[in-house]
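Trainee: Okay, here's what each chain looks like letter by letter:
Number of protein chains: 2
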Amino acid sequence: MAKKVGKQTFIFDKPPVLINTATVAGPFEGKGPLKNYFDHIYTDNLAGQDSFEKAEKEMMLNACFTVINKAKKTPKEVDLFIAGDLLNQIITSGFSALELKIPYLGIYGACSTSSEGLALASMIIESGCANLVLTATSSHNLSAERQYRYPTEYGVHRKPYNQWTVTGAGAALVASEGSGPKLTSATIGAVQDLACKDPLNMGAAMAPAAAATMLQHFADTGHGPDYYDLIVTGDLGKVGYQLVMELAAAQGGFDLSRNYHDCGLIIYDLEKQDVHAGGSGCASSALVVYSYLYKKLLDGKYNKILLAATGALHSPTSYQQGENIPTIAHAVSIEMI
Amino acid sequence: MAKKVGKQTFIFDKPPVLINTATVAGPFEGKGPLKNYFDHIYTDNLAGQDSFEKAEKEMMLNACFTVINKAKKTPKEVDLFIAGDLLNQIITSGFSALELKIPYLGIYGACSTSSEGLALASMIIESGCANLVLTATSSHNLSAERQYRYPTEYGVHRKPYNQWTVTGAGAALVASEGSGPKLTSATIGAVQDLACKDPLNMGAAMAPAAAATMLQHFADTGHGPDYYDLIVTGDLGKVGYQLVMELAAAQGGFDLSRNYHDCGLIIYDLEKQDVHAGGSGCASSALVVYSYLYKKLLDGKYNKILLAATGALHSPTSYQQGENIPTIAHAVSIEMI
Chain A
26 MAKKVGKQTF IFDKPPVLIN TATVAGPFEG KGPLKNYFDH IYTDNLAGQD SFEKAEKEMM
86 LNACFTVINK AKKTPKEVDL FIAGDLLNQI ITSGFSALEL KIPYLGIYGA CSTSSEGLAL
146 ASMIIESGCA NLVLTATSSH NLSAERQYRY PTEYGVHRKP YNQWTVTGAG AALVASEGSG
206 PKLTSATIGA VQDLACKDPL NMGAAMAPAA AATMLQHFAD TGHGPDYYDL IVTGDLGKVG
266 YQLVMELAAA QGGFDLSRNY HDCGLIIYDL EKQDVHAGGS GCASSALVVY SYLYKKLLDG
326 KYNKILLAAT GALHSPTSYQ QGENIPTIAH AVSIEMI
Chain B
26 MAKKVGKQTF IFDKPPVLIN TATVAGPFEG KGPLKNYFDH IYTDNLAGQD SFEKAEKEMM
86 LNACFTVINK AKKTPKEVDL FIAGDLLNQI ITSGFSALEL KIPYLGIYGA CSTSSEGLAL
146 ASMIIESGCA NLVLTATSSH NLSAERQYRY PTEYGVHRKP YNQWTVTGAG AALVASEGSG
206 PKLTSATIGA VQDLACKDPL NMGAAMAPAA AATMLQHFAD TGHGPDYYDL IVTGDLGKVG
266 YQLVMELAAA QGGFDLSRNY HDCGLIIYDL EKQDVHAGGS GCASSALVVY SYLYKKLLDG
326 KYNKILLAAT GALHSPTSYQ QGENIPTIAH AVSIEMI
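Line order of the protein sequences matches chains A and B. Just so you know, we're using this note's numbering here: the first sequence kicks off at 26 and counts up by one. Just so you know, we're using this note's numbering here: the second sequence kicks off at 26 and counts up by one.
It is possible that some hints are incorrect.
Identical copies go unnamed one by one, so any copy, or any two together, can satisfy a pair.
Heads up, simulated BS3-like pairs for lysine-lysine below, C-alpha to C-alpha not over 25 angstroms straight-line [said to hold, decoys possible]: (1) K222 with K28; (2) K97 with K32; (3) K101 with K32; (4) K98 with K32; (5) K28 with K98; (6) K329 with K297; (7) K222 with K326; (8) K263 with K321; (9) K32 with K126; (10) K321 with K126; (11) K263 with K101; (12) K320 with K97.
No lab work stands behind these hints, which were simulated from the structure alone.
Could you build all of it, start to finish, from the sequences and the hints given here?
Mentor: So this is what it looks like as structure tokens:
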């Protein structure tokens, strides 16, 4: 049986195993520093489809079938598929579930979906309900931009703190046994609102949620940041990254400079790729954690990683009605033990 | 430990308890046959707010705080809040979570949200992670219609098979112990697509998903329909209800005429209220199960209910791009044992 410690953290008794992962990336991401770690790189943003939404589904399905193949499993052996994405009604996930034919639980945590999926998969495996759970997420720059912001044809002038929605999908298989890094605990976030209203400044909006969940994780587990070789947020970019460092110091007295990084800063070469403050979107954390960081865990470079993926829970409607942007972060510990 | 039986069903070892429920209803629902069962009926659709979206949040929060009060608990005692709704980015749930301050997991299953939430709450309690989980869902006729279909000001002519999105919210507290009906099993649905393209004919689109999950539940558990005093779908309305009866007979040889009903037919008086084929929306199943049926369980009128709530997983974008409507149903057994 798992157990709750402190206010928001769940420790797994027989930690579920991240037995395999797969990532597929858009062409722009395929030119970035992680290009050698992705399982597939698309040569164009439509991925052979006739809409960006269908392209995103193609990417999620590709990531899912790839991880199932890599693990030498079949879809029929997978007990549950847990997925979410950024599109209205999470259509990428629902339409992918149709083709996978695996019993499906849809989730919505915006860009915190990767860690929400890993946390739920772990809880469900700990309950005894499932032995093998597939969890996936995706984002697509061109389907997300037009849904959340402006038609891309407008060529809107981007501000320095703007981020670039990552195109791609990541999938992970979580199992009750097997070899690989283990999911040892999860800290489920509470929603935060620090009165940020600017949907173009996601890093600033989400940083307080990341800091709150991290600090709660440290308090609940008794592990300080030094317990981890790497603490990584999902898609805060330059602005949010700096804010998390400041908040962790001010609110917790922690110096994160040694071992904290952000997937939105890892996935692109910010010197050479014109993404302004860095990457964002559900695929940001999924592409970095399920490719590069997963390999570094297997290779022994890292033994303990804390992933704290953040999500902004607003909609264009809530923004237009003058509401602030509520945000959340869920953290999962991934350890080679 | 819970266990999986058959292909899609999970049996709970120490069945979680539905210790309390609460429902709040819109003015039109408050004139229907269940009016004496709701905890609160709003006198206008804005519920004192300045937008329908904010009204929906007020309703979800009211249901959540009401059930917490009825159970003599405080929000701090609740380990997790699991919620979803129909609005883009499930803003009703996310903004409610902000005010509840309870660690939050967002889910999206369209109108299957009530049973998805109950199933996940049960799995998480079985894992040992949580002792008390709040799950909620909502829909609002006027926020849903304008998002999914037409601005209500158009006064679109409604077809006989159209349903009426229910305005209201329902919340339930699921606990590891206590008194009340128990959640004994859950059957998680796989996504179905029988080539329905008409987003105004949700009952027909969703009926195959309801039948598939019910028949799988019967096959997995070895319980036929006669095991239950009542089998209830969430919001199929007249057309979908009839189709489920036909599909259950044709595909499983089952006669459901004795004990099958649909919440979308229970919540309104179809003779007197002009809702065409019946109610729909996340609140349809939540309002019926968490008010009327919960009381009938406590009163001993029913001992065993199977709730199979269905959801249509399309979006206006997927529909406009010519895609079919994929649908899903999750079933949970609620038993006085």
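Trainee: Work down the list of hints and note, for each, if the structure agrees.
Mentor: Status of each hint after checking the structure:
no.: 1; hint: K222 with K28; verdict: neither (37 angstroms within a copy, 45 angstroms between copies)
no.: 2; hint: K97 with K32; verdict: between (39 angstroms within a copy, 20 angstroms between copies)
no.: 3; hint: K101 with K32; verdict: between (37 angstroms within a copy, 9 angstroms between copies)
no.: 4; hint: K98 with K32; verdict: between (37 angstroms within a copy, 16 angstroms between copies)
no.: 5; hint: K28 with K98; verdict: between (30 angstroms within a copy, 21 angstroms between copies)
no.: 6; hint: K329 with K297; verdict: neither (30 angstroms within a copy, 63 angstroms between copies)
no.: 7; hint: K222 with K326; verdict: neither (39 angstroms within a copy, 51 angstroms between copies)
no.: 8; hint: K263 with K321; verdict: within (23 angstroms within a copy, 56 angstroms between copies)
no.: 9; hint: K32 with K126; verdict: between (37 angstroms within a copy, 11 angstroms between copies)
no.: 10; hint: K321 with K126; verdict: neither (32 angstroms within a copy, 36 angstroms between copies)
no.: 11; hint: K263 with K101; verdict: neither (42 angstroms within a copy, 34 angstroms between copies)
no.: 12; hint: K320 with K97; verdict: within (18 angstroms within a copy, 49 angstroms between copies)
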